[in-house]
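Here's the letter readout for the chains.
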Amino acid sequence: VSVSRRSDGTIVLDGRCPVEDAEVLLELLQATPAASLDWTQCIHLHTAVLQVVLAARPPLAGQCGDAWVRQWLEL
Amino acid sequence: MNELHAQFITEARELVEQASDDLIALERDGASVERIDRIFRAFHTLKGSAGVVELPPMSLTLHAAEDLLSGIHAGRLDPTSTIVDGALACLDQVSRWVDDFEIRGALPSQAGEDARAMAEQLRDLISEEHAAERGKPEAGTGSASVAEGRLAEWVSHLVASAGARISRPEKIPVNLLAVSYEPRSGCFYDGDDPLQLMRQVPDLLVFRIEARDGWPPLASLDPYACNLRLRCLSAADRAALSSIFRLVPDQVRIIDVPSSALPAEPANRRDADMGALVRTVVEEQRRMLRVGSGVGEGIGRIRAAARVTANAFRHDRRQDLAERIEVAGASAASRGDVSDLLLLLDEILDQPPTARIADGEVARLGEPAGSTAEGSERFARRPLRVDESKIDALINLAGELIVAKNGLAHLVKRLEAEIGGRDLARAIRRDHDVIERLAGEMRAAILQLRMVPVAQVFRSFPRLVRDMSRQLSKEAAFVTRGETTECDKTVVDLLFEPLLHLVRNALDHGIEDPEQRRSLGKPEMATISIQAARAGDRLIVEVIDDGRGINPDTVRRKARERGLLGDQELAALADEQAVELIFAAGFSTAAEVSDISGRGVGMDVVRTTVGRIGGRVSLTSRVGVGTTVRLDLPTTIAMSRIMVVEAGGQAFGIHMDAVTETVRLTPDRISRIKTNEGFVLHDHVVPICSLAELMNLPRKPASDLTARLVVVAETGGKLAGFEVDAIRDRLEVVLKPMQGLLSNARGYAGTTLLGDGSVLLVLDLKEILP
Chain G
1 VSVSRRSDGT IVLDGRCPVE DAEVLLELLQ ATPAASLDWT QCIHLHTAVL
51 QVVLAARPPL AGQCGDAWVR QWLEL
Chain V
1 MNELHAQFIT EARELVEQAS DDLIALERDG ASVERIDRIF RAFHTLKGSA
51 GVVELPPMSL TLHAAEDLLS GIHAGRLDPT STIVDGALAC LDQVSRWVDD
101 FEIRGALPSQ AGEDARAMAE QLRDLISEEH AAERGKPEAG TGSASVAEGR
151 LAEWVSHLVA SAGARISRPE KIPVNLLAVS YEPRSGCFYD GDDPLQLMRQ
201 VPDLLVFRIE ARDGWPPLAS LDPYACNLRL RCLSAADRAA LSSIFRLVPD
251 QVRIIDVPSS ALPAEPANRR DADMGALVRT VVEEQRRMLR VGSGVGEGIG
301 RIRAAARVTA NAFRHDRRQD LAERIEVAGA SAASRGDVSD LLLLLDEILD
351 QPPTARIADG EVARLGEPAG STAEGSERFA RRPLRVDESK IDALINLAGE
401 LIVAKNGLAH LVKRLEAEIG GRDLARAIRR DHDVIERLAG EMRAAILQLR
451 MVPVAQVFRS FPRLVRDMSR QLSKEAAFVT RGETTECDKT VVDLLFEPLL
501 HLVRNALDHG IEDPEQRRSL GKPEMATISI QAARAGDRLI VEVIDDGRGI
551 NPDTVRRKAR ERGLLGDQEL AALADEQAVE LIFAAGFSTA AEVSDISGRG
601 VGMDVVRTTV GRIGGRVSLT SRVGVGTTVR LDLPTTIAMS RIMVVEAGGQ
651 AFGIHMDAVT ETVRLTPDRI SRIKTNEGFV LHDHVVPICS LAELMNLPRK
701 PASDLTARLV VVAETGGKLA GFEVDAIRDR LEVVLKPMQG LLSNARGYAG
751 TTLLGDGSVL LVLDLKEILP
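Protein chains in written order, with our numbering: chain G, 1 to 75; chain V, 1 to 770.
Since the hints were made in silico from the structure, they are not lab data.
In this text, all values refer to a predicted model and were calculated from it rather than measured experimentally.
A couple of the hints might just be wrong.
Stated by the list, open to error - Label pairs and their computed distance ranges (CB to CB):
1) Pro-59(G) x Glu-54(V): 47 to 53 angstroms
2) Gly-15(G) x Thr-554(V): 41 to 47 angstroms
3) Asp-513(V) x Pro-59(G): 25 to 31 angstroms
4) Ala-455(V) x Pro-59(G): 50 to 56 angstroms
5) Asn-551(V) x Ser-7(G): 55 to 61 angstroms
6) Gly-15(G) x Thr-10(V): 39 to 45 angstroms
7) Gly-214(V) x Pro-59(G): 46 to 52 angstroms
8) His-5(V) x Pro-59(G): 54 to 60 angstroms
9) Glu-74(G) x Glu-388(V): 52 to 58 angstroms
10) Asp-67(V) x Gly-15(G): 46 to 52 angstroms
11) Asp-67(V) x Arg-70(G): 41 to 47 angstroms
12) Arg-70(G) x Thr-280(V): 37 to 43 angstroms
13) Thr-527(V) x Glu-74(G): 37 to 43 angstroms
14) Gly-15(G) x Gln-577(V): 24 to 30 angstroms
Stated by the list, open to error - Partial chain V-side listing against chain G, Cβ under 7 angstroms, derived:
15) Tyr-189
16) Asp-193
17) Trp-215
18) Pro-223
19) Gln-319
20) Leu-349
The beta carbon of each residue, even a glycine, is placed where N, CA and C say it ideally should be.
This is chain G alone, in the form it adopts within the complex:
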């Protein structure tokens, strides 16, 4: 799984984030709705994971590491 929580509470997406990551990410966000999300190291985002991000709108630390998402997604 490429979703984890850093010691400072930030949720981190790392590398390729497949569909299964959506559930893990959602659980983390449900537990701490105010935690910020660091997706700078994510290189490929599955639609389902992006959907969780769009629904939860966590504070974002930096730009998305997935180049296509960074270029085309307007948050």
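Model the placement of chain V on the given structure of chain G, informed by the hints.
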């Protein structure tokens, strides 16, 4: 084309015709219950049969039409001319699809989307008519405005947010397409990644993603229910987009954005997408690189220039350009040579991509001009559809012309021998040569009419492989090569069944399970490929898999179990020969019977089918590495090469394809086993039969001293020797099937006319053997 499909095509055409007539009568003469009934039934039957031959877009369209008609049927709607127009338009679409289906065996790639558009128009008719009945003012618009494309609100939003990145050109119309994709809620479970489809959209201009039904509170969000709507604007052509979204036609709408909807082009801003600042920066870097473009100097400077340029593009949201610059820059720095980098800069600066859009072109950077040329070609080279039987009639005529020409050669011989007019004979011979050349060319040109690309058969396989591999829980990539290779239609039509068996077998028996493959160190994804190529006048089609291969020992064991061959014979077989036993009738190596194959039929069908048109099958396999089955086929079957032999005072033709060799046997080489005779050829015992005896003709008294002439031929996979009195000729002839009273005569493959006007019977060796 199988029988079911052929029947569907005929039936669909009749129904379309009948429904059109009735619709027109309905409009002209008014509605009668009986007439409406008949129209409704025609649409209903069409929908049903479209479902049977699995054409979902057609079913979808007809379903919408049916809804409309059931409104009339139930008296909820009046059959106004708008509605009749809609229903007729739907029939037109169906009839175009039926044509496509007949020619290519499939619907065009944009069919799904056309179907959706058509269904939407029909549904609009229902609601508009309802509204009209309720007397609402907006109902008066009718379907015309829908067809003209009233710009949907969401499209206007997309266009507006694209802002200055798109602008209306002065003269030439631009084609922008707006895509709205609403994935089904359960799409993640099917392995769909909607974003992945969007990533593939070429010439993307704007992308939007939003919740379809608003976001629920986070606590009740289902992470695996897709609640998204993805929209974009692209300058790519419709075919490209249709092909990307071809698997989700029911979830996607692709709409033309008329150029009038685009914001007007701001004055004096040609290269709308590349900000003036960025352009200046990049041009400056190019100038610097040009100035010092000596080889081997200033690596640091090259790197800096590339970095600045890439950053400038990135600033302009041109990630693609930035990446290309980075790659070219790195390679330029490592070689100390900037010429390639400069070329790339020239390409970008002198032909900025959206300046191209502004100029009305939709070609992409670095893409050959093929895709746009295709469109104009459609007008230039419209294919002419001709009934197959008309072409066959031409082939027959050309064949008879060749026979007549052969007769001329015969005459020249007689002229020389009987009258002795040398000069006259030479003159006629010269004319004969000209006629021969022309007749040959004419026949070749006519045969060319029957040539079709093998892509026609290959096309159905990607889907089949996908379905079958899913069914078997195996993973296989499917590759085709040489789809444009052409060959006679009869051969192409005949290829489907053998290829189907071969691909099935490869998937079922050849390809290992993913776990097995992993443990063997092979990639989990297996590869099955079909490739076609011409080799002289033969068509070679190979089916290649990288599966487990065929173990010759397993094959030997199976062959023994099934009593196909004795122990000694099996032991004598080389491994390469042993694996070919899988083509023998009644052979199956499947450990268990599966749905896909392994019913003990299949591989022998391949050999028989291919053999029927003078083709051969061979197989090479390496255990653990894979199997290649090779079909060696004639490219035309209109002409046959035959050998003319004499037996019992009569001439007979034998197919050259069957003849392996001719031998002259001295009596000491012939051994007698009871009443049968045989001889040893290449370590095989070949039985000898007298052709005269087989044909119930008087046999020439055999002298014990003279050598006997034997034609060795392969029939039904076995060698047999046919004793003949003489071998007269080898000819290329047009073989005609036996006709009339003789059509049931066994033992003959057909007849042909010889140059002297006599009729030659060509034998079917398999049938005359006892």
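Status of each hint after checking the structure:
1. Pro-59(G) x Glu-54(V): 47 to 53 angstroms: holds, 50 angstroms
2. Gly-15(G) x Thr-554(V): 41 to 47 angstroms: Check passed, 44 angstroms falls within 41 to 47 angstroms.
3. Asp-513(V) x Pro-59(G): 25 to 31 angstroms: violated, 46 angstroms
4. Ala-455(V) x Pro-59(G): 50 to 56 angstroms: Check passed, 54 angstroms falls within 50 to 56 angstroms.
5. Asn-551(V) x Ser-7(G): 55 to 61 angstroms: The hinted range 55 to 61 angstroms holds for Asn-551(V) and Ser-7(G), with Cβ atoms some 57 angstroms apart.
6. Gly-15(G) x Thr-10(V): 39 to 45 angstroms: violated, 57 angstroms
7. Gly-214(V) x Pro-59(G): 46 to 52 angstroms: 22 angstroms Cβ-Cβ, so the 46 to 52 angstroms window is violated.
8. His-5(V) x Pro-59(G): 54 to 60 angstroms: Because 59 angstroms falls inside the window, the suggested range holds.
9. Glu-74(G) x Glu-388(V): 52 to 58 angstroms: Once the Cβ atoms are compared, 57 angstroms apart, the range 52 to 58 angstroms for Glu-388(V) and Glu-74(G) holds.
10. Asp-67(V) x Gly-15(G): 46 to 52 angstroms: holds, 49 angstroms
11. Asp-67(V) x Arg-70(G): 41 to 47 angstroms: Check passed, 45 angstroms falls within 41 to 47 angstroms.
12. Arg-70(G) x Thr-280(V): 37 to 43 angstroms: At 25 angstroms between Cβs, range violated.
13. Thr-527(V) x Glu-74(G): 37 to 43 angstroms: Between Thr-527(V) and Glu-74(G), where Cβ atoms are some 41 angstroms apart, the hint holds.
14. Gly-15(G) x Gln-577(V): 24 to 30 angstroms: Violated: the Cβ-Cβ distance is about 52 angstroms, outside 24 to 30 angstroms.
15. Tyr-189: violated, 9 angstroms
16. Asp-193: holds, 5 angstroms
17. Trp-215: Holds. Min distance 4 angstroms.
18. Pro-223: OK, holds: Pro-223(V) within 7 angstroms of chain G, min 4 angstroms.
19. Gln-319: holds, 5 angstroms
20. Leu-349: Cβ of Leu-349(V) sits 21 angstroms from chain G, so the hint is violated.
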